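Chain A is fixed; fit chain B onto it per the hints.
Below, each chain spelled out in residue letters.
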Amino acid sequence: MKGVTARPGSATAWALSGTAWLVYAFFYAPIVLLVIFSFSDDRNVGRWGGFTLSWYEQFIDHSQLQNSLWVSIRVALLSTAISVVLGTLAALALERFRFRGKRVFDALLYLPVIIPDVTMAVMMLLFFSEGIRIAEMLFGLDLTKGFTTITISHIAFNISFVSVVVRARLSGMNEQLEEAALDLYADRWRSFRYVTLPQIAPGIAGGALLALTLSLDDVVVTQFASGPGSTTLPVFVFGMIRRGVTPLINAVSVIMLAASIVLVILSIVTQRLRTGETGRTLGDRLRRRSDSSLMG
Amino acid sequence: MPAAVPAVGLHSITKRFGDVIAVDSVDLEIADGEFFALLGPSGCGKTTTLRLIAGLEFPTTGSLRIFGDEVGTLPPNRRPVNTVFQNYALFPHMTAEENVAFGLRMRKTPKSEIEPRVRDAIALVHMEGMEQRRPDQLSGGQQQRVALARALVNSPKVLLLDEPLGALDLKLREAMQLELKALQREVGITFVFVTHDQGEALAMSDRIGVMDGGRLLQVGTPEEIYARPANRFVADFIGHANLLDGMVTGPDQVTLTNGITIAAPSDIQPGGRVAVSLRPEQAFLHSLGVAPGHHTSVDGRVEQVTYLGNALIYRVSFQWMHIDVRAENRPGRAPVSAGDEVTVSWEPSSVAVVQD
Numbered sequence: 043m044k045g046v047t048a049r050p051g052s053a054t055a056w057a058l059s060g061t062a063w064l065v066y067a068f069f070y071a072p073i074v075l076l077v078i079f080s081f082s083d084d085r086n087v088g089r090w091g092g093f094t095l096s097w098y099e100q101f102i103d104h105s106q107l108q109n110s111l112w113v114s115i116r117v118a119l120l121s122t123a124i125s126v127v128l129g130t131l132a133a134l135a136l137e138r139f140r141f142r143g144k145r146v147f148d149a150l151l152y153l154p155v156i157i158p159d160v161t162m163a164v165m166m167l168l169f170f171s172e173g174i175r176i177a178e179m180l181f182g183l184d185l186t187k188g189f190t191t192i193t194i195s196h197i198a199f200n201i202s203f204v205s206v207v208v209r210a211r212l213s214g215m216n217e218q219l220e221e222a223a224l225d226l227y228a229d230r231w232r233s234f235r236y237v238t239l240p241q242i243a244p245g246i247a248g249g250a251l252l253a254l255t256l257s258l259d260d261v262v263v264t265q266f267a268s269g270p271g272s273t274t275l276p277v278f279v280f281g282m283i284r285r286g287v288t289p290l291i292n293a294v295s296v297i298m299l300a301a302s303i304v305l306v307i308l309s310i311v312t313q314r315l316r317t318g319e320t321g322r323t324l325g326d327r328l329r330r331r332s333d334s335s336l337m338g
Numbered sequence: 007m008p009a010a011v012p013a014v015g016l017h018s019i020t021k022r023f024g025d026v027i028a029v030d031s032v033d034l035e036i037a038d039g040e041f042f043a044l045l046g047p048s049g050c051g052k053t054t055t056l057r058l059i060a061g062l063e064f065p066t067t068g069s070l071r072i073f074g075d076e077v078g079t080l081p082p083n084r085r086p087v088n089t090v091f092q093n094y095a096l097f098p099h100m101t102a103e104e105n106v107a108f109g110l111r112m113r114k115t116p117k118s119e120i121e122p123r124v125r126d127a128i129a130l131v132h133m134e135g136m137e138q139r140r141p142d143q144l145s146g147g148q149q150q151r152v153a154l155a156r157a158l159v160n161s162p163k164v165l166l167l168d169e170p171l172g173a174l175d176l177k178l179r180e181a182m183q184l185e186l187k188a189l190q191r192e193v194g195i196t197f198v199f200v201t202h203d204q205g206e207a208l209a210m211s212d213r214i215g216v217m218d219g220g221r222l223l224q225v226g227t228p229e230e231i232y233a234r235p236a237n238r239f240v241a242d243f244i245g246h247a248n249l250l251d252g253m254v255t256g257p258d259q260v261t262l263t264n265g266i267t268i269a270a271p272s273d274i275q276p277g278g279r280v281a282v283s284l285r286p287e288q289a290f291l292h293s294l295g296v297a298p299g300h301h302t303s304v305d306g307r308v309e310q311v312t313y314l315g316n317a318l319i320y321r322v323s324f325q326w327m328h329i330d331v332r333a334e335n336r337p338g339r340a341p342v343s344a345g346d347e348v349t350v351s352w353e354p355s356s357v358a359v360v361q362d
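Residue numbers (my numbering), protein chains in the order written: chain A, 43 to 338; chain B, 7 to 362.
Simulated from the structure, these hints should not be mistaken for lab results. It is possible that part of the hints are untrue.
Derived list of chain A stretches under chain B, where covered just means 3 residues or more per stretch with a C-beta under 8 Å from a C-beta of chain B [said to hold, decoys possible]:
1. 212-220
2. 224-233
3. 237-249
Computed from a predicted structure; not experimentally measured. Backbone N, C-alpha and C fix where the C-beta goes; we use that ideal spot for every residue, glycine too.
This is chain A alone, in the form it adopts within the complex (with noise of 0.2 Å):
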């Protein structure tokens, strides 16, 4: 990357750090004030009223918010460790083998990514209600939506996402080093092991980071398949705005907002610890490509 420094005290070099600047506002101001207001000692939310912790006291003591969060954070992690395996399955067939029906496989497989949500939403409602019916009908068993029924409709996207993530950098990576491993007496099981899982790692981390994120954030398809007993914080969140809003909104967006920031902070704090036991990771070698075109 070659650029040309403006220079210093131009008119181009402060349109540059105004835009900059402006860019900034537009994505730090909202949370700034989000945070500030969760503070504020006023039922009312754009209004303040001194300082105050009890918004976070009601989190606390919130037992339907304490129980979504939970929940949110179970669907999460579940969701993401059963798509990321089969996700990643998914991408190695579609990349590394040939098979009947390949195309249309491929086809199905990225529809979650480009139907709306809402269409994707209500499918699930109707599979769900029609599954349950079903399940009595013939086993005698008696099952509810809540929490299976969320973390299904999660693996369900999330798969979609984690394939395409994965498959990039499927693509990307020479095959002959498969080949090169088996001509080194891997068998195929020791040649993913080795050679290809450590290739493809960054992108099952980014496939699973964006699978966390997505279940995390997602509303509309779980507002569709969650249950009376139990929903994620979100569609929870969501509920109360429509009871009316308070700070305890805000609060609770807040520490939303801490833990993603924490998410984020650990992904790349784990990224350096691989750095420093075998080598670069992708973070690494992004870094240093920075570096090598700040020098050129």
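Relative to chain A, chain B alone:
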């Protein structure tokens, strides 16, 4: 010539990809300790043949033996061969040392044995001090050395090399040619290497197999292939050749399409359509009418002179045909320029009669 038990034996090996026949009933025996080149233009089936030996492809029909053992259906990890891949295919997430140790680790070699063997292999290719580098921190030549060490450390019975020098620049390629040859003598392992570069094949190999269109056209020493090409393709592909079209009109006699009859020893029946192959450096240029008596000679006119630095190429036309004559650029060379009437001559034994 092949020893009693050949290192590699291919018997009527055919490989089809759908309708395409990549390798067409190839019979080939490569002797133990031989440096063998598979030579041909791209798409001739030479790489597929190598991959068949490696086990990365399986033959459609035919038998493939390595030191007498049938291996045609074995996966690559169960064959006593190792491969140096075209672009080296070093594992990017491992150091040079880890790359070299990979094969030994996969074979569950005891740790105490891995370390000295890896050290020896790295020393063999002169890469000491580079053990902890990753492939992207190595130059092309260094990567190639690591790839060689990674294959040789396993003491394969046969080493397969797919265009091993293709990715290197010219100077380095020439240096590596000599080094590879020396390395092969040192380790004494059978080397089978694939190349499209006829100069490389001539310079390095004990024997060459020339391939085209999936078929093995000729197998022989560099001298045999160069002096006695089996057909027109081989004559044209190896080095530079004047190919004069004609027909066998008598014992050891060919009449060219322009009506000139010349002596050309062959065992082809009269009436056969042939080409007479004459290497430019085997032809000599004389003043008009002055040619050694025992030589075959034709009179013609110099059409073009190409200066190469170390040599000159004279294109001499005679009756709608032309012959390129190569002369070394030595002192005392009589000046010849375009338009001069000259005589071109050659020893009758230096031509080869080839069929299409």
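Now for the hints, and whether the structure bears them out:
1. Proximity of the stretch 212-220 of chain A to chain B, defined as three or more residues with a beta carbon under 8 Å from a beta carbon of that chain, is established by the 3 residues found.
2. For the stretch 224-233 of chain A, the stated coverage by chain B holds: 7 residues have a C-beta nearer than 8 Å to a C-beta of that chain, and at least 3 were required.
3. Remark: the stretch 237-249 of chain A is confirmed as covered by chain B, as 3 of its residues place a Cβ nearer than 8 Å to a Cβ of that chain, reaching the required three.
The structure agrees with every numbered hint stated previously.
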